[in-house]
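Student: Under numbering that gives the first Met the number 0, read the sequence shown as residues 0 to 289, first letter to last.
A few of these clues could be false.
Unchecked claim - Cut-off 20 Å, straight-line C-alpha distance, at most; resulting in silico cross-link-like pairs (PhoX-like, lysine-lysine):
(1) K152 <-> K186
(2) K152 <-> K137
(3) K137 <-> K186
(4) K3 <-> K13
(5) K220 <-> K238
Stated by the list, open to error - Quick list of the computed label-pair ranges, beta carbon to beta carbon:
(6) Q283 <-> S67: 47 to 55 Å
(7) N143 <-> S100: 14 to 22 Å
(8) S67 <-> S100: 32 to 40 Å
(9) S32 <-> E112: 30 to 38 Å
(10) V253 <-> D65: 24 to 32 Å
(11) G272 <-> D65: 27 to 35 Å
(12) D202 <-> F25: 33 to 41 Å
(13) T161 <-> G242: 22 to 30 Å
(14) D65 <-> N143: 20 to 28 Å
(15) D202 <-> S265: 21 to 29 Å
(16) R241 <-> T128: 37 to 45 Å
(17) T89 <-> N4: 18 to 26 Å
Don't read these hints as lab results, they were simulated from the structure. In this text, all values refer to a predicted model and were calculated from it rather than measured experimentally. C-beta atoms are modelled at their ideal positions from N, C-alpha and C, and glycine is treated no differently.
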Amino acid sequence: MGIKNLIKSDGTEKFAVAYGNNIGIFDGVLTFSGQGRNLAGTKVEMDIFLDYLVAVNYSNANQVYDGSTWFTGGAKTRMPIAQYIKTVGTRMYIADLTYISTNFRSRVWNSDEEGASNNELKWAYESGTNLSQTAFSKVVTSANAGFSAYGIKTGALFFITTGANAGLYHVDTVDADQQMTLVEELKNTATGSTYWVGSSWFDARTNDGDIIKGLGENDNKLLVFKRESLYKYDTRELKRVRGSPGTTSNRSIVNIREQTYFFHDSGIYRYDGVVATLISRPIQDWIDAI
Numbered sequence: 000m001g002i003k004n005l006i007k008s009d010g011t012e013k014f015a016v017a018y019g020n021n022i023g024i025f026d027g028v029l030t031f032s033g034q035g036r037n038l039a040g041t042k043v044e045m046d047i048f049l050d051y052l053v054a055v056n057y058s059n060a061n062q063v064y065d066g067s068t069w070f071t072g073g074a075k076t077r078m079p080i081a082q083y084i085k086t087v088g089t090r091m092y093i094a095d096l097t098y099i100s101t102n103f104r105s106r107v108w109n110s111d112e113e114g115a116s117n118n119e120l121k122w123a124y125e126s127g128t129n130l131s132q133t134a135f136s137k138v139v140t141s142a143n144a145g146f147s148a149y150g151i152k153t154g155a156l157f158f159i160t161t162g163a164n165a166g167l168y169h170v171d172t173v174d175a176d177q178q179m180t181l182v183e184e185l186k187n188t189a190t191g192s193t194y195w196v197g198s199s200w201f202d203a204r205t206n207d208g209d210i211i212k213g214l215g216e217n218d219n220k221l222l223v224f225k226r227e228s229l230y231k232y233d234t235r236e237l238k239r240v241r242g243s244p245g246t247t248s249n250r251s252i253v254n255i256r257e258q259t260y261f262f263h264d265s266g267i268y269r270y271d272g273v274v275a276t277l278i279s280r281p282i283q284d285w286i287d288a289i
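All chains should be modelled from the sequences, with the hints used to inform the complete structure.
Tutor: Written as structure tokens, this is what we have:
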């Protein structure tokens, strides 16, 4: 189902093993213990960032573990549900997302760099179904929200998805955990509206049938694999790798030194940071027979 080793900055080492509907922890010496995570029986992808192990499986809330504690709330876990995960440089990325009961199959979200500089795992994300708005005001409130605690910033995109004020807005100021002031004035008084807010995301082109199938890394750049296309992202710009297909399996993506290898229905490819080359022609008959 999935396996990952957690090596912390203090030298502590543990192994996380996903099996059945659970994650077990092996302490590297004698003890293996199930953690009672109650996961759906699907593949679990894991990676490490800032001494935390983060596990995703697209079915359950994402899991965050620091070597002794599983976090069930707060800024570390306030993030969209994800299918794929990858740490590159000073960011952790999650992809193929679900939030506010909506699938964003071509979307990538990254952790907050400001939080990382303070050794904090945050995602600069919040959502809810209880937004209150007043006509001719720019102030919105949401009970139990964590706008400030979760790292929402001035300029973040604010989407109201239901109700009389549905549309795209922009955050002017974060006044408190449960209150923000928008740049735009609201036209109607409304309560109980669904919303989400954040700006640490991008779409790998359109959210169409060519969905994200995995994440990788090459030359300190994030690689976003869709089924029929490959993109590279350097924290500022997303570029498509010309002439390259994507992958059918996240677990086929392997880095060996400066090269990234991956599988597609048409064969096995090697990406060198510039171009992707088909390298499996001598065994193509066997691949076609799979």
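Student: None of the hints should be skipped; say for each whether it holds.
Tutor: Taking the hints in turn, this is what the structure says about them:
Only pairs whose Cα atoms come within 20 Å are accepted, and K152 paired with K186 is rejected, the gap being roughly 23 Å. Pair hint K152 plus K137 holds up; C-alpha atoms about 16 Å apart against a cutoff of 20 Å. A hinted pair counts as satisfied when its Cα atoms are at most 20 Å apart, and K137 with K186 qualifies at roughly 9 Å. Distance hint between K3 and K13 is fulfilled; the C-alpha atoms sit about 9 Å from each other, no more than 20 Å.
Distance restraint check for K220 and K238: the Cα-Cα separation of roughly 11 Å lies within the 20 Å cut-off, and the hinted pair is therefore satisfied. In this structure the hint that Q283 and S67 lie 47 to 55 Å apart at CB holds, the actual value being about 49 Å. The hint said 14 to 22 Å for the Cβ distance between N143 and S100, and at roughly 18 Å that hint holds. Separation of S67 from S100 is about 33 Å and conforms to the stated range, judged on CB atoms against 32 to 40 Å.
Between S32 and E112 the beta carbons are some 34 Å apart, a value that agrees with the proposed interval 30 to 38 Å. Range check, V253 to D65: about 28 Å between beta-carbon atoms, so the 24 to 32 Å window is met. For G272 and D65, the Cβ-Cβ distance of about 34 Å falls inside the hinted range of 27 to 35 Å, so the restraint holds. Distance hint check for D202 and F25: the Cβ-Cβ separation is about 38 Å, which falls inside the suggested range of 33 to 41 Å.
T161 and G242 have their C-beta atoms about 42 Å apart, which leaves the hinted 22 to 30 Å range violated. Separated by about 24 Å at the C-beta atoms, D65 and N143 satisfy the suggested range of 20 to 28 Å. Distance hint check for D202 and S265: the Cβ-Cβ separation is about 25 Å, which falls inside the suggested range of 21 to 29 Å. Distance hint check for R241 and T128: the Cβ-Cβ separation is about 43 Å, which falls inside the suggested range of 37 to 45 Å.
Range check, T89 to N4: about 21 Å between beta-carbon atoms, so the 18 to 26 Å window is met.
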